[in-house]
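Colleague: This is what each chain is made of:
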Amino acid sequence: MQRESVIFEKSSPGKKAIDINVESKGKHSIPCTFLRKARADMPQVSEVETVRHFTFLSKLNYGVDDGFYPLGSCTMKYNPKFNEKVANLDGFINAHPYIDDKYIQGPLSIMYELDKQLCEITGMAGFTLQPAAGAHGESTGLLIIKAYHEHNKNYHKNEIIIPDSAHGTNPASATVTGFKAVTVKSNEKGLVDINHLKQLVGKNTAGFMLTNPNTLGLFETQIEEILDIIHSNGGLTYYDGANANAIMEITRPGDMGFDVIHLNLHKTFATPHGGGGPGSGPVGVTKNLLSFLPVPTIQKKDRTYYRFYNVENTIGKVRSFFGNFQVLIKAYAYILMMGQAGLKEASEYAVLNSNYLKKKLGEYYEIPYKNSFSMHEFVISLEKNNKEYNFSALDLAKALIQKGFHPPTIYFPQIVHESCMIEPTETESIETLDFFISQMIDVLEESKNNIDKVKNYPTNTYIRRLNEIEAARNPIVKYIQKED
Amino acid sequence: MSNKYIPNQNKDKKKMLNEIGINSLEELFSRIPDSLKYNANKNSLPSHSEIELEKKFNKLQNDSLSTNKYISFLGAGVYDHFIPAAIDSIVQREEFYTSYTPYQPEISQGTLQAIFEYQTAMCRLTEMDVSNASMYDGSTALLEACKLALSKSKSNKILLSSLLHPEWIEVIKTGLKPLKTEIILLSVDDKTGQIDIEQLRVLMKYHSPAAIAIQSPNFLGIVEDLNVIGKTIKKHKSLFIAVQDPLSLGLLEPAGNLGADIVVGDGQPLGSYQSLGGPHFGYFCTTKKLMRKMPGRIVGQTKDVDGNIGYVLTLQAREQHIRREKASSNICSNHSLNALRAIIYLSLLGKNGLYKISLDCANKSQYLKDKLVETEYFKETYKTFIFREFSIKSKVPISILNEQLIKKGYIGGLNLSKYNNSYKDNWLISVTEKRTYDEIDAFVKEVLRICKENL
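Chain order of the listed sequences is D and B.
At position 59 of the first sequence the residue is numbered 43 (the working numbering), and the sequence of numbers has no breaks.
Each number in the working numbering comes from the position in the second sequence (counting from 1) with 3 added on.
Don't take every hint at face value.
[As the list claims (entries may be wrong)] Cross-link-like lysine to any residue pairs, in silico, SDA-like; alpha carbons within 20 Å at most:
#1 B/K306 <-> D/E(-12)
#2 B/K176 <-> D/A131
#3 D/K69 <-> B/K7
#4 B/K306 <-> D/E(-7)
#5 D/K69 <-> B/V94
#6 D/K344 <-> B/G24
#7 B/K180 <-> D/N136
#8 B/K180 <-> D/E296
#9 B/K306 <-> D/D85
#10 B/K437 <-> D/D3
#11 D/K11 <-> B/G24
#12 D/K343 <-> B/L28
#13 B/K234 <-> D/N136
#14 B/K238 <-> B/K194
#15 B/K421 <-> D/H135
#16 B/K421 <-> D/Y290
#17 B/K374 <-> B/I74
#18 B/K7 <-> D/R20
#19 B/K194 <-> B/Y426
#20 B/K292 <-> D/I460
#21 B/K183 <-> D/G162
#22 B/K421 <-> D/R291
#23 B/K427 <-> B/D193
#24 B/K155 <-> B/L28
#25 B/K398 <-> B/I409
#26 D/K69 <-> B/L56
#27 B/K40 <-> D/G241
#28 D/K343 <-> B/I25
#29 D/K439 <-> D/E367
#30 B/K183 <-> D/E134
#31 D/K432 <-> D/L345
#32 B/K296 <-> D/I460
#33 B/K296 <-> B/K398
#34 B/K160 <-> B/E201
#35 B/K291 <-> B/N311
#36 B/K45 <-> B/Q107
#37 B/K386 <-> B/K155
These are computed hints drawn from the structure, not numbers from a lab.
Isolated chain B (complex conformation) (with noise of 0.2 Å):
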């Protein structure tokens, strides 16, 4: 037997053969024509033993970088931020993520109560009405708002920022591509590294756009001016999609109170791993009259025969297993258990830990934005504000300054010549809670080393 999670042994099979009334297992696939029965080649997938394994996976997580090792300025989208370790031992727990998607309530109000809490702390982070159980990851939740609105409007053009995430907008571009939408992206404003509002008003009045979609703090790590943004385009009919990170939500405005119709953006600093990219999930949050339009899967509260109070996955009638080919999405999954770490790490931090660990992000990636720029090798790229991020220019190629500081322990931030060609040499970078006074210290004097070194 080389399938240990088989507790069948070879009596079983034979009792079970028996009462089927059949010989041998072959039997049972006997009507699978034999052109397609396949004759696997012995060694293409041999199996391993779990001490075999274990030592394997040891060694290839010690062929990779760790955030625990490497003290990190690397954001872009993903972020070295606290997780709690009470979240880890909640979401460990067989219960919550053995589970099935909660389509049978009596048994499963662990999940459903506790989407249904995370649902209310969106809705609060964000200041909309609703919010859905969550979605793959921040892109997607981007595509489906820029898809609910162009279901909802005449015109087949989407206006983007270029300073959303650059993922994103590939994403959204793949995504959009069969309904043959027009997507328009708005440019930099050269002198602020914000987007050209100037250039928003003209597009807006001659596109008449079924959307715009702004994201904030922008790919750069410097803040929109939401609130103007959301003015310019209540003078039209077009969705106002703000894209926003949640943590930054325990600091800045939110968009729901600056006119946004659908708040999107990444969960993944609210209690998920960097875990290269994934899973971390994307949330949906929008007004009362567009929650019949949302994707995804919603819980509902209600009661139950005795009266008591409990929760379901309601409005269901929107959805792809009974809509069908008439659905607007074809999503079926949430990421449950990444949702779950949310709430939890919400419920952790509370109203006052957000906005500390949110406040803390913002002066630590100012003080370091202020020591670098402050010495001959860089400059700030634009002078206007930012939130957990900046983007400076080096004198030292990026590059190299990435390459010398993972010698001495550290990962430096994006090299964003990879991106675009009017940064080359830009450097981004993040400092989160996790930094203290000292490491970022101790780091800028690594980072004046090097460049004395290198020029």
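Next comes chain D alone, as it looks inside the complex (with noise of 0.2 Å):
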């Protein structure tokens, strides 16, 4: 059964939601040997019907502005109206990149300013806006980095070092760019295991990835002997920047020593996550890269804006045209309206507000590294639960799911056994943490008196859990209309 059919569902013949008129005034000389045989068949329904199903739709789904996001390491912080507002202005959406640059001053400007305040807050010495999330952001930033050791004749530094507590787009990211991934392990408190890192190191070594705050939450107090051991062997430091929601304005990766990075706008800078995309991620490099990056860069001279295309050792493009420039003016917008101090702030709040949760949460959840410094967002564990009673990680999200949340994330990172990431960001207020609290404990009680009714959850949902076996074993990816 299923209430709302899919869109082609409700078609019917001759019904239209636009109304055009092709004028036999010009003809087109295609011959008909090149046209389609039969009218691709695309729904036929009014407009009515057409906003209806999706309005429906829309309904079905949880967005920032219904409630509390606490997904770890996606930092689904409040989306400004304001931002949205700007960035659908009549002459950003509707100018084309292939205008002459002096005619589009505007954009050209906001690219330009967007990329200083990137290297403000970074302390990086250049950006390209081109690529177009966070793995597009790491593998543009490996190109470089490959491209930089070919370019002084080490073409045997092909390894990249990766912590097992990355995200997989990292080790990905250094295959699809031809390096070997190398793991280094955390230590027993989730930071870097630097004796296992020494071991690891030596003359192949192109590159160490690292996000810090690590995907523990934890801060890598150790960085400059970490990054210090990778140069030392004539590596470079690439940061993920998904975590900097935790130091804007108070600790920067180009001081750290790192001299690629890469952010991710639709998490730190506020720009919605679209249900998956578009977002945007900026890469950052230290001075001795700026002629690596990819083409046309953003200049300026007496007052004008242009774009640059001899970047004399320039990796190419990584994608068609600028980037995602309607996510960039967001971003944009967002740093003029925060100025320092509001990123500041941002961040404090962030690491304030998850520390809260973590220590209040602790006194019923087991968290790993419990006594480990973290930052804006921490991992339990639901290990002993599960072993004990059958409560997973998986339990516990569909249960707030029946309580109205959006369940944080869950089995990452890889090396917390039914681990629950919480990030709360600063846009929360304390009484929806304590709201949230309240309904952790609840649940918590919940599966030990009624675990069956717990692994029944949701229950109050348009939909409940979903067989994902089956549909990976017998993957139906499109709609196909049954014949009378």
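Fit the two chains together into the complex; they arrive one by one in their own frames, and the hints show the way.
Modeller: Structure, rendered in structure tokens:
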């Protein structure tokens, strides 16, 4: 049974939402053999039916504007409506990328100034705004690292060292850029095991990737020593900016010693996630890597902005045109509104909110690395609960859905079993946090008293637990009309 | 308080610090080494009020050229198409744009079902078996298609049409460099402006590449003979990757019917604003055989515990968060919101509207081409039939034409001299359904006036 059918099922011949009149004044000269034999089978529906259908669908979603969204490592902070407004202004959305520089000074200045803002925030020397996402930024940054080593004729440098706690995109990005991913262990404190790192590093080390604070929300206090080890072996260091929300205007990856970084504008800089995208993953580099950036870069001379293509050792292009311009506008507006003081406050309150939750929930849930200094997010483990009475991280997530929340991130990072990563962000009130705590306590109680009921959650949603195994075994990835 | 998006006040801060057992916010950051603490210069990033910024952004947007204010004939990969109002009003609903990737399907059926419908629409448009949930843009979708082909082949060679969008060729070169791929460019047939099929036959035989990628309509707006190309490729083991503008598929034969293994393209014409080049989206469709090798996210249909039909992200074992260094692609996100715009667009246009708009673009482009070419100032670059774009050689330098046209409220076509010396003084003009015949006639009149004045 399906309550809301797919749009194709609502189709009825002759229905239409658009009025188009094709005058016969002009006539193309395409021979019929090159034309479709039958019109593409798109739905035939009215505007009101289309709008109702997608409006209904929208209400099945849960957005940040609906409530608490503590997804660890995603930074689901509030998306300011002002940013949406300015990003949709006529002169921005209706501008073509191939118009001469002199006519699009407004948009070019936005990109130039955003680059400068990001340099100030991160301590890097220059950015490319091309990458469309964090993973895209990672592969771009790794291509720069590769180009640097090849430029210096160090072709043997083909290994990238990555912590076992890293997000899957890190080793995947290393592989797709032709490197070999080498894993370094985390120690009992949840930090990079420096002794293991010393064993792994060598003449083949091209680079090292790290998130700081790391994916457990812990600040790598020995960061300077770690980066030194890599640098002294001729490697370059890459900062995964996924957790930058913890450190804005407090410390900077450039100052820590990173050579290449990426930022996630859709996390740290409050641009919306869009149900999966579009985001933006700008990549920043140190001064001696500027010549490797993708083209064009945006430059300024005597108050005039222009596209610059003569970047000496450029790696080329990582996508068409400039980047996700509309997303860039939103981040630019956010940084202008916040300023240094606002960004610093954001990080301070992100870390405060997280530590508050950690303290309170630590009295009820198991928190590995409890006494370690954690920042904007923390991880709880349901390993014991699962072993003792079958209450897993997945069950916790579904129970929270039952309670009306979007659950935290589950099963990441891999190094903690039955992990549940909580990141409240700064845009949540203490009232929301206290309510969340009370509900987390309720759920735990219920799981101990009535695990069968809890394993049945959610029961109050449009759809209940779905058979993902069957979906993968027999994939149905499009609607197929049943023959009558 | 400088950050108005933080609901907590001083009293809340004090309460939380107390609960944690510390006295100040600084203590939270005490373990960051002092040498790394940043002492910001307070003036380098000042904060601003909403009122100030409203004025600033209005000024910035005026320092730009909008196709709402200028009549545009500029295409070359990004087009001034009609975007129905209903799209914005649906997509601006917070449930669609503030939500995350649908990893918790019980509360994400909106996004999941919409993307399932998008996948269905793309399959019908291209006549392919399966589609993924969208990619960043057309160029990266093509890059992923090439990588897929290389992963399945003993060959490290790729044949690319030299009439692919020039920026896409750059992206492919950059992306395939670490894999030490040999990229061979197929040249243009001087007579037709299509790729040289004879050369294709020879190169295929000689190189046995992993794949061949052909764009149709190509960068010059000319329709390629994908039927002959498909048959040629079929005789060898190489994968046939077709790049097709999705709107053109309202009129033109889709490569799915011509033997393509993978069909990709850029989705901007399906309801996304030009927006200085992004965000748009790339689409990726393939055969059932290659489904499990497809990069990116895929939405699948399944049932819940009550037997109700629902949707989930599926085949995730292909993806980076599970396969890590063994992943064949590092793609994590899709361009969900732009794919949503596309399915709404296709639903609003419908079967007949899509055909009509596509037909209108083709008719109007041919009309303008004929009008310009029948004058003494222009010659067609190639005779071959076009879809929504054409290239003509001009007696007057394009830079002069474009410069003068702007003063009269027109945005002229692309100056092809920038891309290739063989296309000096060639003008790439695009006509979409938004142009009326009156606008086109007025444009011709203005162009002729400028020509007369400058010769």
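Colleague: Now look at each hint and say whether the structure bears it out.
Modeller: Structure-based check of each hint:
A distance of roughly 14 Å separates the Cα atoms of B/K306 and D/E(-12); the hinted pair therefore holds under the 20 Å criterion. With a C-alpha separation of about 13 Å, the suggested pairing of B/K176 with D/A131 holds against the 20 Å cut-off. With a C-alpha separation of about 17 Å, the suggested pair D/K69 and B/K7 falls inside the 20 Å cut-off, and the hint holds. A hinted pair counts as satisfied when its Cα atoms are at most 20 Å apart, and B/K306 with D/E(-7) qualifies at roughly 18 Å.
Distance check on the hinted pair: D/K69 and B/V94 sit about 14 Å apart at the alpha-carbon level, within 20 Å; holds. Simply put, D/K344 and B/G24 have alpha-carbon atoms about 12 Å apart, close enough for the 20 Å limit, and the pair holds. Note on B/K180 and D/N136: the hinted pairing holds, with a Cα-Cα distance of about 17 Å set against a maximum of 20 Å. Distance check on the hinted pair: B/K180 and D/E296 sit about 17 Å apart at the alpha-carbon level, within 20 Å; holds.
A distance of roughly 53 Å separates the Cα atoms of B/K306 and D/D85; the hinted pair therefore is violated under the 20 Å criterion. Between B/K437 and D/D3 the alpha-carbon distance is near 13 Å, which keeps this suggested pair within the 20 Å criterion. Among the hinted pairs, D/K11 with B/G24 is inconsistent with the structure: their alpha-carbon atoms are about 78 Å apart, more than 20 Å. At roughly 15 Å between alpha-carbon atoms, D/K343 and B/L28 fall within 20 Å of each other, so this suggested pair holds.
A hinted pair counts as satisfied when its Cα atoms are at most 20 Å apart, and B/K234 with D/N136 does not qualify at roughly 46 Å. Under the criterion of a C-alpha separation no larger than 20 Å, the hint pairing B/K238 with B/K194 is inconsistent with the structure, at around 26 Å. Among the hinted pairs, B/K421 with D/H135 is inconsistent with the structure: their alpha-carbon atoms are about 28 Å apart, more than 20 Å. At most 20 Å may separate the alpha-carbon atoms for a hinted pair to count; B/K421 and D/Y290 meet this at roughly 16 Å.
Only pairs whose Cα atoms come within 20 Å are accepted, and B/K374 paired with B/I74 is accepted, the gap being roughly 18 Å. At roughly 55 Å between alpha-carbon atoms, B/K7 and D/R20 are farther apart than 20 Å, so this suggested pair is violated. The suggested pairing of B/K194 with B/Y426 holds, with an alpha-carbon distance near 14 Å, which does not exceed 20 Å. For the given pair, B/K292 sits about 14 Å from D/I460 by alpha-carbon distance, which is consistent with the 20 Å threshold.
Between B/K183 and D/G162, the direct Cα distance comes to roughly 9 Å. Compliance with the 20 Å bound is thereby established for this hinted pair. At roughly 14 Å between alpha-carbon atoms, B/K421 and D/R291 fall within 20 Å of each other, so this suggested pair holds. For the given pair, B/K427 sits about 15 Å from B/D193 by alpha-carbon distance, which is consistent with the 20 Å threshold. A C-alpha spacing of about 55 Å is found between B/K155 and B/L28, which places the hinted pair above 20 Å, so the restraint is violated.
A threshold of 20 Å between alpha carbons decides the hint, and for B/K398 with B/I409 the separation of about 19 Å falls inside it, so the pair holds. A C-alpha spacing of about 11 Å is found between D/K69 and B/L56, which places the hinted pair at or below 20 Å, so the restraint holds. Of the supplied pair hints, the one linking B/K40 and D/G241 holds, its CA atoms being roughly 13 Å apart against a limit of 20 Å. For the given pair, D/K343 sits about 12 Å from B/I25 by alpha-carbon distance, which is consistent with the 20 Å threshold.
The straight-line distance between the Cα atoms of D/K439 and D/E367 is roughly 16 Å, inside the 20 Å bound, and the hint therefore holds. Simply put, B/K183 and D/E134 have alpha-carbon atoms about 13 Å apart, close enough for the 20 Å limit, and the pair holds. A C-alpha spacing of about 16 Å is found between D/K432 and D/L345, which places the hinted pair at or below 20 Å, so the restraint holds. The suggested pairing of B/K296 with D/I460 holds, with an alpha-carbon distance near 16 Å, which does not exceed 20 Å.
Among the hinted pairs, B/K296 with B/K398 is inconsistent with the structure: their alpha-carbon atoms are about 50 Å apart, more than 20 Å. With a C-alpha separation of about 19 Å, the suggested pairing of B/K160 with B/E201 holds against the 20 Å cut-off. Simply put, B/K291 and B/N311 have alpha-carbon atoms about 26 Å apart, too far for the 20 Å limit, and the pair is violated. Between B/K45 and B/Q107, the direct Cα distance comes to roughly 42 Å. Violation of the 20 Å bound is thereby established for this hinted pair.
Straight-line distance between C-alpha atoms of B/K386 and B/K155 comes to about 38 Å, which puts the hinted pair past the 20 Å bound.
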